[in-house]
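J.: In order, the protein sequences belong to chains A and B.
The first sequence finishes on residue 574 if you use this note's numbering, and the numbering steps up by one all the way, no holes.
The second sequence finishes on residue 654 if you use this note's numbering, and the numbering steps up by one all the way, no holes.
FYI, nobody ran anything at the bench for these hints, they're computed from the structure.
There could be a bad hint or two in this list.
Derived DSBU-like pairs: lysine-lysine, alpha-carbon spacing no greater than 30 Å straight-line [said to hold, decoys possible]:
#1 K609(B) x K258(A)
#2 K564(A) x K553(A)
#3 K277(A) x K288(A)
#4 K608(B) x K288(A)
#5 K258(A) x K608(B)
#6 K551(A) x K564(A)
#7 K609(B) x K463(A)
Predicted model, so just to flag it, every value in this text is computed and none were measured.
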Amino acid sequence: MKRAAPDLSGCQCLGEALRDAIDRWKDHVVLIEADRDRENCRLTYLDFKQQALPLAGALQQSGFDQDDRAAIIMSNQSKWLIGAYAIFYGGGVLVPLDFKLTAGEQLPLLAHARVKALLIEYPLWRALTQVPGFKGVQMPIVLVAECPKSVNLQGAMRWEELRDAVEPRFIARRRQNVACIVYSSGTGGRPKGCMLTHENYLEQCQALMTWYPFWPGVRYLSILPTNHAIDFMVGFIGPFVCGATIVHLRTLRPEFLKDAFRRYKITYVSVVPMVLKALESGLRARFKELPRSRRWMLDRMISLNRLLTRNRPNVSLSRRLLPQIHEALGGELEAMITGGAFIEPSVLQFFYNLGIPVANGYGLTEAGTAITVNDLKPFRADTVGKPLPGVEITLVNCDAEGIGQVATRSKMVMAGYLDDPELTAETIQNGWLMTGDLGRIDSSGHLHLFGRIKNMIVTEGGKNIYPEDVESAFDGIPAKEYCVLAVNYVWKRLSMSGEQLMIVLRLEQVSEPTVTLLEELRVRNRRLLDFKRVAYYVLWDEDFPRTASMKIKRGVLAERVAQKLERDTALREL
Amino acid sequence: MSSLDRTLEQLLVLASDHFQVPAGTLNPDDDFFKKLGINSLQTLDLLTKLETHFNVEIPDYELQGVSDFRTLAERIHSRL
């Protein structure tokens with residue numbers, strides 16, 4: 001089958017691209033959902049349509065119309081895609097919310113997006129209904145999946161009972177209309193709902209598929225939830241429009257993950273850096289256990305593979321040189337895709353040496369997912385790749401070493417933040433999206449990242465954490481003032497790794513925190529999700545700088561702390 | 575001792591064994607991410623061991639938002 005990028009230039013909207021794919025690939029398998037060693041379902045494109053259209057019909061019958069917003073809160077499973085298709089079919093706007101947020105964090109985002117419909121799994125719905133203030137958020141249409149029959153859903157619809165709804169009407173949208181509202185942060189502070197248009201996604205898909213084509217026969221293993229920008233693009237839109245198959249695995253347990261690679265002969269998989277590192281550790285441990293002679297032979301073969309693929313990957317050659325490794329991963333893996341957080345070059349090089357290229361990239365939700373990706377011509381572990389076709393990047397306010405803020409311009413840059421023209425104007429200046437990340441472009445056009453100038457951290461699991469969002473966890477602590485900041489935002493450091501949060505404490509008339517205060521801080525900290533926890537506290541003896549409306553001037557405070565205190569002595573472990 | 579306490583006690587023993595820390599060093603309210611320096615993937619590994627021991631299937635989502643042994647024991651106990 002020809003490996004070529006799809007031509008989406010004539011398409012106006014995602015609904016049209018997906019509908020056309022169904023008409024074209026009819027009997028090809030589009031979705032497989034597995035849970036552990038069980039296969040829950042296997043759908044052809046036509047089966048998929050038969051499941052999605054009743055949902056689209058039910059939504060329309062309930063009053064869902066074009067440009068209405070519908071949120072999906074679901075784990076990694078096939079209904080996510082079926083729901084999204086139904087929303088786009090009816091001309092709606094999709095609001096993909098992270099199912100790993102707490103219900104208390106999800107509710108304000110649902111309210112901010114003013115969703116008309118919500119598609120949700122039962123355990124998540126149950127948690128949402130128990131959040132104080134739940135009844136104050138209007139959601140006229142709620143569709144709950146996987147709910148036990150004994151439960152009374154009190155007005156919400158049951159996904160599994162949707163039948164014989166009206167024939168849905170396909171509603172086309174224009175390229176400039178909003179397709180999705182994606183929250184890049186704002187779980188506790190100022191919600192940042194990125195409005196991404198149909199054009200943003202169609203252009204991103206076209207560009208990514210030019211470098212990493214999908215074709216009928218490709219099996220993409222989806223282990224990231226589809227609310228994740230990478231999975232939405234390469235685990236839904238991309239494979240779907242190319243006639244490929246998406247395999248959902250509803251567990252991340254290593255033993256079932258390994259089995260899924262082999263059973264479904266996976267072609268591509270997207271992983272966050274944390275999973276990639278775990279895979280590396282597992283493989284290294286197995287190499288160590290090999291008898292000396294086999295280990296010697298393996299090392300020689302890895303060296304030979306590295307030599308022969310130094311200019312270009314050659315997966316079929318690598319499979320012949322290192323058959324056991326490739327067979328353990330199903331024997332048909334072309335590449336792994338990663339991004340969303342910093343990954344050490346040594347990890348990328350480890351996999352490349354085994355003949356498994358890792359498509360490492362750099363992107364932002366605001367930029368429609370990826371900005372740069374490794375084009376493998378040749379493979380470079382030390383960079384985050386080159387700009388995708390159609391993407392421009394430049395550096396702003398460069399220092400003497402050529403390091404400056406990365407700015408990008410393309411048809412993939414979002415329309416703006418929902419209901420926040422002020423923040424939009426700060427972020428998109430003369431058509432250029434200011435990323436807040438520091439980078440340098442080398443002579444071959446590759447982008448290197450060095451750190452951030454914004455007050456945020458990114459976890460190894462690919463989560464953006466804004467300190468403002470975790471601050472509310474410390475409401476009411478016995479301190480005169482407090483403020484949560486990213487450590488590297490205060491003391492600038494040219495590093496993308498080891499990012500952590502700190503809390504600046506201004507105490508009441510004492511110079512040292514009491515045992516009670518520290519214990520209170522630790523208890524509050526433990527209540528936060530593990531990746532949001534504050535690592536350090538810093539003592540500060542001046543009043544915080546504030547605006548006329550008494551908001552903390554975070555930037556000014558960070559500057560003052562950095563000027564007055566030394567990083568290593570100021571940071572105390574919490 | 576209630577059956578939940580017994581589940582908790584067994585969980586602590588299994589976790590000590592799995593992460594190779596001396597018996598008795600883990601406490602019910604310990605934050606296992608912090609105390610053991612592990613990530614969410616490593617806790618999934620432990621979950622597999624717990625499933626075998628308690629002969630029960632525990633979906634990954636049961637670990638969501640859980641970071642101490644006591645809450646984990648409650649989640650397991652509710653499925654026994």
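J.: Work down the list of hints and note, for each, if the structure agrees.
T.: So, going through the hints one by one against the coordinates:
1. K609(B) x K258(A): Answer holds: K609(B) to K258(A) is near 29 Å, not above 30 Å.
2. K564(A) x K553(A): OK: K564(A) and K553(A) at ~17 Å, within 30 Å.
3. K277(A) x K288(A): 16 Å, holds
4. K608(B) x K288(A): 28 Å, holds
5. K258(A) x K608(B): This hinted pair holds, its Cα atoms lying about 28 Å apart.
6. K551(A) x K564(A): The given pair, whose Cα atoms are some 22 Å apart, holds under the 30 Å limit.
7. K609(B) x K463(A): 22 Å, holds
Consistency note: the structure conflicts with none of the earlier hints.
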